[in-house]
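*Asks:* Each chain, written out:
2 protein chains.
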Amino acid sequence: MARVIVDVMLKPEILDPQGEAIASASARLGFPAITSVRQGKRFEVEIDGPASETVLTEVREMAQTLLANPVIEDFELRVE
Amino acid sequence: MARVIVDVMLKPEILDPQGEAIASASARLGFPAITSVRQGKRFEVEIDGPASETVLTEVREMAQTLLANPVIEDFELRVE
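Protein sequence lines, in the order shown, are assigned to chains A and B.
Per my numbering, the very first residue in the first sequence carries number 1; after that it's consecutive.
Per my numbering, the very first residue in the second sequence carries number 1; after that it's consecutive.
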């Protein structure tokens, strides 16, 4: 049993209105050090058995199909 | 200029129907290695200047106020 973390973020060239709203709320609410925020998704995927190359390929395919929209999002896998 | 990552996940005792939906879709769509999925949020927070203790305290307060609901969610900070 292993855990793979999949981080999904909007591509840098895609506008992120949610992140912008958080950044401007931060400034208004007294957190001046924060200059920008981007919001994404984080998935904790538990897999059966060890994180072999085959299993990681399967998780990568699953992430591409179900977790991320490859047109506007990038994703990264890491084994924890 | 530094970047702080804030990971927000539902507390372990809180049900995650979105994650469960992803896990059962994975099984159905031919990704048998995946046994469970939990979905959370990931924020990339850019800060002015270096990630000093004062600034990290500010980001922690901001995360608690704006990014996470401490009743049902846990969050973690890490400097990147």
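Hints were generated in silico from the structure; no laboratory data involved.
Every value quoted in this text rests on a predicted model; they were computed, and no experiment measured them.
You may find that some hints are simply not true.
[What the hints assert, rightly or not] Not the full set, but computed from the structure, chain B residues with beta-carbon under 10 Å of chain A: (1) 4; (2) 8; (3) 9; (4) 11; (5) 14; (6) 15; (7) 23; (8) 26; (9) 32; (10) 35; (11) 42; (12) 43; (13) 59; (14) 77; (15) 79.
[Unchecked claim] Simulated DEER-style distance windows between Cβ atoms: (16) B:28 x A:57: 15 to 21 Å; (17) A:61 x B:52: 39 to 45 Å; (18) B:54 x A:54: 42 to 48 Å; (19) A:3 x B:15: 30 to 36 Å; (20) B:32 x A:24: 42 to 48 Å.
Each residue gets a CB set at the ideal place from its N, CA and C atoms; glycine is no exception.
*Asks:* Now tell me if each hint is right for this structure.
*Replies:* We went through each hint and held it up to the structure:
1. Interface hint status for residue 4 of chain B: upheld, as the beta-carbon distance to the closest one in chain A is roughly 9 Å, under 10 Å.
2. Nearest Cβ of chain A to the Cβ of residue 8 of chain B: about 8 Å, under the 10 Å cut. The hint holds.
3. Annotation: interface hint on residue 9 of chain B holds; nearest CB of chain A at approximately 7 Å, less than 10 Å.
4. Look at residue 11 of chain B: its Cβ only gets to about 13 Å from chain A, farther than 10 Å, so that hint breaks.
5. Evaluation of the residue 14 of chain B hint against chain A yields a violated restraint, the C-beta minimum of about 13 Å exceeding 10 Å.
6. With its C-beta approaching chain A no nearer than about 15 Å, residue 15 of chain B sits outside the 10 Å limit, and its interface hint is violated.
7. Interface hint status for residue 23 of chain B: upheld, as the beta-carbon distance to the closest one in chain A is roughly 8 Å, under 10 Å.
8. Hint status for residue 26 of chain B relative to chain A: holds, with the closest Cβ pair at about 5 Å, below 10 Å.
9. Interface restraint check: residue 32 of chain B against chain A, minimum CB-CB distance 8 Å, threshold 10 Å, status holds.
10. Interface restraint check: residue 35 of chain B against chain A, minimum CB-CB distance 5 Å, threshold 10 Å, status holds.
11. Because the smallest distance between the Cβ of residue 42 of chain B and any Cβ of chain A comes to about 4 Å, under 10 Å, the interface hint for this residue holds.
12. The interface hint given for residue 43 of chain B is met, as the beta carbon of that residue sits about 6 Å from the closest beta carbon of chain A, less than 10 Å.
13. Checking residue 59 of chain B against chain A: minimum C-beta separation of about 7 Å stays under 10 Å; hint holds.
14. The criterion of a C-beta within 10 Å of any C-beta in chain A is not met by residue 77 of chain B, whose closest approach is roughly 13 Å, and the hint is violated.
15. Given the 10 Å rule on beta carbons, the hint for residue 79 of chain B is violated: about 13 Å separates it from the nearest Cβ of chain A.
16. For the pair residue 28 of chain B and residue 57 of chain A, the supplied restraint of 15 to 21 Å holds, since their beta-carbon distance comes to about 19 Å.
17. The hint said 39 to 45 Å for the Cβ distance between residue 61 of chain A and residue 52 of chain B, and at roughly 42 Å that hint holds.
18. Remark: the range hint 42 to 48 Å for residue 54 of chain B to residue 54 of chain A is upheld by a beta-carbon distance near 47 Å.
19. Residue 3 of chain A and residue 15 of chain B have their C-beta atoms about 19 Å apart, which leaves the hinted 30 to 36 Å range violated.
20. Look at residue 32 of chain B against residue 24 of chain A: about 45 Å separates their beta carbons, and that is inside 42 to 48 Å.
Consistency with the previously given hints fails for numbers 4, 5, 6, 14, 15 and 19, ordered from lowest to highest.
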